[in-house]
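Under the working numbering, the letters of the sequence shown match residues 15 to 494, in that order.
Keep in mind that the hints are not guaranteed to be accurate.
[To be verified] Beta-carbon label-pair distances, calculated as ranges:
#	residue 1	residue 2	range
1	ARG294	ALA398	46 to 54 Å
2	LEU96	LEU290	36 to 44 Å
3	ARG271	TRP159	30 to 38 Å
4	ALA126	ARG486	51 to 59 Å
5	TRP485	LEU351	28 to 36 Å
6	SER125	LEU386	26 to 34 Å
7	GLY393	ARG271	29 to 37 Å
Don't read these hints as lab results, they were simulated from the structure. For every residue, glycine included, the Cβ atom is placed at its ideal position computed from N, Cα and C.
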Amino acid sequence: MPETGPATAAHEPPPKTPPAEPTASAPAPRPAPAPGADSGSDSDSGSGSDSAAGSAAVPAPRTESAPAAPRAGTAAARRTGLLVMVVLGGLSALPPLSMDMYLPALPEVASALASPAATVQLTLTACLAGMALGQLVIGPMSDRWGRRRPLLAGMALYVLATAVCALAPTAELLIGFRLLQGLAGAAGIVIARAVVRDLYEGVEMAKFFSSLMLISGVAPIIAPLIGAQVLRFADWRGVFVVLAAVGLALTLLVWRRLDETLPPEQRHTGGVGAALRTMRGLLADRVFAGYVLAGGFSFAALFAYIAASPFVVQEIYGASAQTFSLLFGLNSVGLILAGQVNGKLLVGRVSLDKVLACGIAVVVAASAALLLMSAGVFGPVGLAPVAAALFVLMSAMGLVLPNTNALALMRTPQAAGSASALLGTSSFLVGAAASPLVGIAGEDTAVPMAVVQVCCGLLAAGCFLGLCRPWRSRGAAAAA
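Turn these sequences into a full structure, and let the hints guide you.
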């Protein structure tokens, strides 16, 4: 890809660390480190690796335009880059599969288990909370024991928990089993991001995340469609049977095809205390925390749509489960297309901070439009304008989510598992908190959903501007 101009720094440069000369190289896996090489130090960071005991110190961050440097990554993983992308895409698809395939069944679950909509929505909250908490445990585990073993153990437990969900006789037990499903499924989410950090960095990592969205983004499109088709031949329990089969297939694929990407010499040997100190050191980085929070609140706006849209589209506007599934898939297509524009056209040409700012601004504008329509400011509106606003909001996530992940992980040359855990935990915890709020006024109004989305968009913008302060990095780059 030809350069069209110098790429600006992705973050505020740390003290005593001069920024690297910007480049815009093509995405390529990082070469394996030479024996005995210090893989925790890069030419653009000027910082050494974490100690073998798992020191809380966080190495100096890199810029978004850092060139590839010798880091983790096996020769087998490099030779099978496409296969690795497929495997990681499948693991990243676990959240939308676990959530979206189940969405068309929410009204049926509420009826079958004789529970109100707010209680049934807690099954989504429980799964999200489990995925959030599980990442806090599995992320540091993968930094200590490598990526494969924690991943295989988590995936096996995910399959078992999902199968048990199909047998739940009450809403309360279903909530509990969904929590366990989320705890186990967290392994796929957090380790997939950590593997990307093992293999790529800088602009290459941002491009890989956008390409990964092309694969993992198919899941939100097909999951509601599959769920709706399953409901034609079985009840809501059949959805969990299908999810268990998908989880089993992914487990076998990981076992056979995904090599270890974190060599033993780069693993942390500390225990729980060392992992907590590492996380505390990461959160002490103001800019890292800003990207984590901006991504978390943006995800909460997305999840408010996920939790409320079945009732908004089917109950308020009277659409069928099939129509809801088609609209949901169309919105996911918008997210994928925006992600590909981000990875193929913008990354390497435009500062990631600028693209992220644009994405957050569109989220705020689209959610504000939804609030005005839901509140009746424009009079009675049909499904079409509401669906259009939701499409714009979902598409903007293709600019926000991959760039918050890349920008945050660029600041963590070591402890990728812990950093990935913090990214995922913040997103899922904030999303889990937003889920019950969208149904607080009942099933006859979309105002709570729009209010939650507006508030989350504004909070994301505030965290990005107040903590990341991207204008300072641009000023520092111009002065240099």
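Verification of the supplied hints:
no.: 1; hint: ARG294 / ALA398: 46 to 54 Å; verdict: holds (49 Å)
no.: 2; hint: LEU96 / LEU290: 36 to 44 Å; verdict: holds (37 Å)
no.: 3; hint: ARG271 / TRP159: 30 to 38 Å; verdict: violated (20 Å)
no.: 4; hint: ALA126 / ARG486: 51 to 59 Å; verdict: holds (55 Å)
no.: 5; hint: TRP485 / LEU351: 28 to 36 Å; verdict: holds (29 Å)
no.: 6; hint: SER125 / LEU386: 26 to 34 Å; verdict: holds (33 Å)
no.: 7; hint: GLY393 / ARG271: 29 to 37 Å; verdict: violated (55 Å)
The structure fails hints 3 and 7 (numbered hints given earlier, in ascending order).
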